[in-house]
Amino acid sequence: MATSSLDPDIQATQTAYRVQLAGSWQIPRGARVLEIGCGQGDMTAVLADRVGPRGTVVGTDVAPPGYGAPITVGDSAQHLLDGPLGSRITMRFETDVLTDDVGTGYDLVVLAHCSWYFASAGLLEQTLGKARELGSRLCFAEWDPQPADPSQIPHLLAVLAQDRITGDTDLNVRAPITRATLLEVLDRTGWQVEGIGEVDTSALQDADWEIAIALHEAPDGLAKELLRQTAQARGNVPLPAYALTAR
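Going left to right, the sequence shown walks through residues 501 to 747 as my numbering numbers them.
Every clue listed holds true.
For each label pair, taking beta carbons as the anchor points, the in silico distance ranges come out as:
#, residue 1, residue 2, range
1, Pro508, Gln578, 16 to 22 Å
2, Pro650, Gly583, 39 to 45 Å
3, Gly690, Arg532, 18 to 24 Å
4, Gly583, Gln692, 32 to 38 Å
5, Arg532, Glu725, 44 to 50 Å
6, Asp670, Arg632, 26 to 32 Å
7, Arg734, Ala675, 24 to 30 Å
8, Gly523, Thr681, 24 to 30 Å
9, Asp700, Arg728, 26 to 32 Å
Treat the hints as calculated values from the structure; they're not laboratory data.
The beta carbon of each residue, even a glycine, is placed where N, CA and C say it ideally should be.
Kindly generate the complete structure, drawing on both the sequences and the hints.
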């Protein structure tokens, strides 16, 4: 990944986490995969490795290629495409599966830690409904906003503080939903959950990142004030996460 040149330890941690996700989903060799919300391509790279030389991964994202910092999603994608896995990968930015033709007949449709980026929970539900037309199996992962330990509360407060931001935003948290709500959405859109489980997030740096964003960007309020009082300068413990498959 292009971001590995900035901090190889962080990239290694983020990649190892996504390897864990792919393992829980049991990605088969030779699979044809559609990834919705591919972003920088962290999950895309792992999926491409898992499907092998006879598999393909199509990554889509509504963001423009110039989105992201310090490395844009477009630059990160190009780095990935130029690498040893590039022949298995197609990445399409400014692409919405609800309105753009991304093909059909995929073995797997993947959404990995992208559902909170959607502009609304309703838009996520529409996308999950559309995904049933695009592929036969869903692989999904997201943060669980219910802390399993008090040390995870600052990360939750950062989520709640960002959730108060109104209007157009390009922040990571736009429409967070609970695990229970997501399961209800899957039921309404016709997906039947095969299996669901916890994934280990303890090594990830995301809590620190979201806390920094919330303290800088979020409007004043109770969540932000409590965040100021409870967050550490670094080393904050991330929320739990869950991964599931459905048909």
